[in-house]
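Asks: Now for the letters of each chain:
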Amino acid sequence: MEIFIQTLAKAIALGSIYAIMGLSFVLIFKGTQVLNFAAGAISMAGALFMSILIADRGFPFLPFTNPLAPADGETAGVALWIVHLMIALILAAILGLILERVAIRPMVGQPLFSMAVITLGLEIAIRPFNLDATAITGRSVGVPWGTESWELAGAIIPKSYVAAIIAAAIAFTGVYFFYRSRFGVAMRAVAFDQEAAMAQGINVGRVFAIAWGLGAALAALGAIFFAMAPWPPAGTVSLEIHPIWIFRVLPVIILGGLDSVAGAVAGGLLIAIFEIFAGQYLSQWTNILGPGYSTIVPYIVMLVVLLVRPYGLFGTEEIRRV
Amino acid sequence: MKLKQLLALLMALGLVAAACGGSDDDSSSGSDDGDTATAESSDDGDSGDDGDDGDDGDSGDDGDAMEEGAEIATDFGVTDTQIFVGINGDLSGPFAALVSEIVESQVVYWEMVNERGGIAGREVVPLVLDSGYATDKGIENFEEFAQEGDGGVVMITENTGSPITAAIAEDAADNDLLVIPLSWASLWPAEENVAILEKQTTYCIESMNGVEWLKNKVEADGKEAKLAIISRPGEYGLDGATGAQIAAEELGIEIVYNGIDQVAGDDRTAVISQLVDSGATMVWTTVTPGELADVFGQAVSQGFEADWSGNGPSFSYPALLPTDLAPLFDQYYWQSGYSVPWNGNDSEGMQELVSEMTARRPDAVLSDQYITGWIEGIMAETILTQAAENGDMTRAGVVAASQQVSIDFKGISPNQSYNGAYNDIVVRGSYIFDVDAEAFNLQPLSAGEGSSGMIPIEENYIGTVAASYQFDGPCI
Amino acid sequence: MSFGRPLLRTSYEEDAAILPTWFQKGSAIVALLLITLMALGFGPLAAFPKFLLGNTWINPVTLTIIFAIAALGINILVGVTGQVSLGHAFFMGTGAYTAVMLGGNVGDEESWKACVPFHDNLGLLESQGQCGLGLPIWIWLPASGVVAAMIGVLVSPAAVKVRGLYLAIVTVGLVFIGLHLGRMLPEWAGDFESGRKWPKLDIRLWKEEAPLVELTEDGKWFGLIHLSEEQKQFFFLFAIMLVMLWFAKNLVRSRTGRALQAIRDRDVAAEVMGVPEFKYKRLGFAISSAYAGVAGALLASYNGRVSPIDFGLLLSVDFIAILLIGGAGTIAGTMMGTVFVELLPDMVEKFTAWLASKLDAGGPVGLIANFLLTEGGEGDFGPISIATVAPGWPMSTFQWNFVIYGTLIVVFLIFEPLGLYGVWLKVRNYWKGWPFSY
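Residue numbers (numbering that gives the first Met the number 0), protein chains in the order written: chain A, 0 to 321; chain B, 0 to 475; chain C, 0 to 437.
Among the clues, some could well be false.
[What the hints assert, rightly or not] Example chain C residues on the side facing chain B (calculated, C-beta under 7 angstroms, incomplete):
| hint | residue |
| --- | --- |
| 1 | Thr20 |
| 2 | Gln23 |
| 3 | Lys24 |
| 4 | Lys49 |
| 5 | Asn58 |
| 6 | Asp190 |
| 7 | Phe191 |
| 8 | Ser193 |
| 9 | Asn302 |
| 10 | Phe397 |
| 11 | Gln398 |
| 12 | Glu415 |
Bear in mind the hints are in silico, worked out from the structure with no lab data behind them. Backbone N, C-alpha and C fix where the C-beta goes; we use that ideal spot for every residue, glycine too.
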């Protein structure tokens with residue numbers, strides 16, 4: 000029973016992080032029709048901003064230091080940490096805005112695939128800067144609760160898991176209400192038909208900018224919560240999360256449907272539950288399934304779902320015109 | 000612009016030093032066979048008064064006939080004034096952080112050698128190429144080093160990684176190009192791999208020592224020794240895990256979870272769940288630091304308590320000690336390694352390394368990796384010096400010279416010989432460190448303090464299994 | 000044939016010819032001649048690539064030839080048929096492993112360890128390694144294409160069901176499943192990191208000891224001309240590439256090619272006009288995969304040793320980049336893109352080395368060198384590090400290569416969607432109308 004609870008907690012926590020990343024993809028896709036392959040690089044940059052703020056107490060090329068940051072060897076309190084988190088997210092959003100202005104805006108109206116590949120190019124171009132900053136040592140993101148955990152009916156549940164779940168819940172609520180706001184409606188209109196939206200007086204450029212800003216912030220949020228113990232980088236930004244990150248999330252958004260907010264959350268939870276439970280309960284069959292089989296479970300689930308429902312569980316079916 | 004001036008200065012200094020004659024005559028080991036004249040780095044230049052003490056009967060050269068530097072036979076990579084050696088390193092791939100420090104210290108080593116007059120009156124020039132740990136790029140770099148003309152080298156003093164080394168092994172033999180691999184896999188004892196020089200101990204032996212040490216520790220703590228082995232696929236993982244398995248069989252330890260090859264892919268839930276279920280009291284890991292952080296972090300967070308250790312590359316203090324897992328590593332993990340950590344003992348070699356590195360790279364950050372680069376430098380210098388004494392600095396001559404030498408690392412790593420049967424010469428000693436998260440403090444070298452957090456508890460440890468094990472080829 | 004009026008064509012054959020004008024025919028012959036002389040090491044001609052790529056230039060160029068074959072395949076699928084696939088690496092792997100199964104060393108109970116490079120002193124493996132059948136290249140090379148094509152046919156139904164970006168991501172899944180298979184089957188794939196050995200590129204009639212045409216040793220060829228190993232392989236692979244190129248060009252201008260393009264442009268419309276969608280998508284996948292299979296087999300044989308991780312997602316991304324930088328849908332663009340993407344990193348490295356040698360030269364070149372390069376000393380700034388070891392900022396050329404590569408993809412997509420081919424068209428049209436080119 001403890002094992003079941005532990006596994007479930009881990010699955011939901013991982014699912015929450017997947018969901019945050021999924022929301023980032025969906026926001027950008029719904030607003031701008033771009034499948035953002037650069038999410039990996041952006042999210043890692045966001046986590047790096049966090050580390051620079053909290054561990055280095057300010058950017059090396061700026062003349063002032065961060066007065067809020069905890070002294071050497073101390074950890075920030077939860078409230079202070081959240082303040083830093085917010086600043087890091089804002090910085091990530093600014094990065095998203097810049098990328099959108101430089102690379103995405105000129106491509107408005109181009110085929111979907113060209114837009115997706117542009118982000119692939121961005122990913123490749125940004126990555127060396129990220130890797131460079133983390134090359135030598137792990138960079139701390141100063142998680143206040145470190146490796147602490149709670150006990151629930153004999154099961155040990157790390158605080159990081161709960162934090163990830165809370166973060167995902169807040170992100171989902173935020174995005175949900177955002178879509179119901181006046182601006183969210185504008186965004187949906189733009190996604191539906193750019194020209195018609197323009198004719199209605201909607202500023203399409205601003206919609207693009209907002210979508211990318213929010214998307215980048217969400218991507219950074221996902222990476223920071225994935226950088227906590229006991230997830231592999233354990234409280235630091237490291238080379239480890241980055242290369243694999245985005246390709247673990249792709250099945251999530253495909254499963255949920257590229258343009259569905261609820262789908263991103265459902266897809267994230269579903270994929271994580273399949274992945275973690277398969278890892279936990281099929282482990283005695285590793286000889287048959289092959290080592291590391293749980294890594295490809297998301298892809299198998301994705302393939303099966305797609306062959307039954309080609310636009311994901313919640314995605315909108317494309318109407319094929321001649 | 001600075002580089003050239005520096006080189007000119009170094010050469011000038013070198014000439015002065017050579018003219019002044021031998022200043023520091025450290026007598027080399029020469030303990031086993033009296034006739035292998037080894038490593039007299041200082042006075043082999045152009046002073047020309049050093050009739051070889053005892054000639055090398057086995058190599059069949061004409062002994063004293065060629066005692067002047069000018070008469071040394073050469074083919075590629077050696078000119079009258081320069082010796083080119085190649086470094087095929089991973090400076091941008093997954094091991095860039097480690098390898099760039101290793102390469103840095105090897106470069107410093109050559110700076111020091113050149114200042115003392117070089118080898119056979121020639122300046123040693125290391126050429127560095129980056130493989131990014133990609134096999135095809137590594138092969139391309141090798142071809143560049145192996146070319147028979149400008150840009151070719153006389154030996155490769157570092158080749159990062161087992162995969163690339165495996166890919167070039169055959170070509171290296173064809174080209175008679177001596178290679179020092181940056182890999183401790185026990186893959187190279189075979190006859191046809193004479194051009195690949197294994198250095199220090201192997202993963203396989205390291206695992207035997209580590210498991211034996213862990214067993215003693217666990218039993219001293221009053222627990223029953225129950226071993227779990229986890230490793231990643233690939234030669235590294237298989238070699239380390241095989242050694243652990245051999246040790247467990249010989250020592251009669253029960254293996255409660257055998258996770259050989261199981262740490263693969265990005266999700267390790269299966270491994271963690273089986274590990275936690277197994278009830279092991281000791282864990283041997285042959286993985287990467289990222290994988291270790293995942294498995295270790297999640298297993299411990301699920302309440303799994305055991306003593307952990309693993310092959311050297313499993314753990315990396317710069318990557319893992321800044322993480323939130325640091326106190327847990329301090330408590331449960333014991334690092335294993337191949338040489339003394341930075342400033343870890345008072346040996347002559349360590350003092351030289353520390354003072355040279357500090358003087359030449361004051362801004363560089365303290366690192367245990369410098370020792371590995373230094374060791375590669377000592378190996379290459381000893382071999383090239385031997386080749387010069389043999390009067391044959393052709394590529395084939397260097398390969399032949401490598402089979403005659405015994406190398407004295409002056410206390411920073413177990414001494415090594417290539418002169419004998421594999422089972423007689425293989426290095427069987429490894430090092431075991433206590434992970435000390437409190438002591439961990441990376442400072443620039445100029446500060447003269449700080450520590451990697453690796454506190455030696457066993458130096459040159461040889462367990463009973465490793466001491467007597469007879470190899471009939473690679474472990475795996 | 001009408002001299003003087005270059006664009007007037009009086010028959011359909013003329014219009015559809017591979018090289019429609021005398022000028023193009025002539026330049027093709029001259030280009031072939033130049034490349035041959037270059038590869039033979041003919042003085043002034045070989046000096047040019049030597050300057051760009053260094054003394055061992057023939058190695059990267061030969062690799063580029065192999066990549067060109069695979070790129071022709073992805074062009075047929077993505078450029079011509081319009082089915083976005085990131086699974087090309089998977090099909091290359093399929094071809095490579097077919098080759099090693101058919102052409103690899105013959106083994107038996109005793110000697111299988113020589114085929115698959117891991118030993119098994121402790122009985123860790125459940126079965127023994129799989130040796131090859133030792134068949135000659137004229138069997139394993141076509142077979143690797145055929146097997147990859149069959150796998151492509153198996154995958155193609157997904158392309159009818161799943162469209163656009165969804166298809167692209169499904170094919171990403173294919174690559175990961177391929178990697179997992181590589182881990183699951185060490186008996187076939189060898190060690191996950193260092194792989195296993197591949198059959199050499201020698202041409203044999205059957206399993207005889209001495210090959211009919213020697214490709215892996217320096218020596219005389221046909222008793223005529225002394226060539227190095229690298230030169231022999233260059234010519235052999237170049238010939239294969241020409242055949243593949245000819246086939247691709249013919250395919251695009253045939254009835255089949257037009258059907259594929261119709262599906263790319265509007266699949267529903269194509270079906271209405273009597274082009275069966277499923278049949279042609281299947282064909283597109285099959286042909287593209289066959290190219291990938293052949294290229295994968297050649298790549299593995301040329302490198303001599305390949306591991307499953309070499310057929311990862313980055314390889315697929317390379318081909319998409321080649322296509323976009325070259326110009327999707329055109330054969331000439333594909334070839335230009337391959338040369339550009341594959342040789343650019345080497346050129347950047349050589350260029351940096353050249354700049355570094357000019358640091359003291361003074362003048363404008365020295366100034367530029369001083370501005371761009373740094374040796375890491377105090378007060379010496381510049382974005383590119385030429386110190387032997389340079390973690391952190393400034394970055395090494397290797398890392399700058401990635402930045403350049405990614406930026407190029409972005410720049411081409413924004414400014415020149417037709418890629419290098421589009422640039423070429425513009426240049427050509429400018430000179431065609433010169434001096435009235437406005």
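Asks: It remains to establish, for every hint, whether it holds in the given structure.
Replies: Going down the list of hints, with the structure as the test:
no., hint, result
1, Thr20, "violated, 39 angstroms"
2, Gln23, "violated, 34 angstroms"
3, Lys24, "violated, 35 angstroms"
4, Lys49, "violated, 11 angstroms"
5, Asn58, "holds, 5 angstroms"
6, Asp190, "holds, 5 angstroms"
7, Phe191, "holds, 4 angstroms"
8, Ser193, "holds, 4 angstroms"
9, Asn302, "holds, 6 angstroms"
10, Phe397, "holds, 4 angstroms"
11, Gln398, "holds, 6 angstroms"
12, Glu415, "violated, 29 angstroms"
Of the hints listed earlier, those the structure fails to meet are numbers 1, 2, 3, 4 and 12, in rising order.
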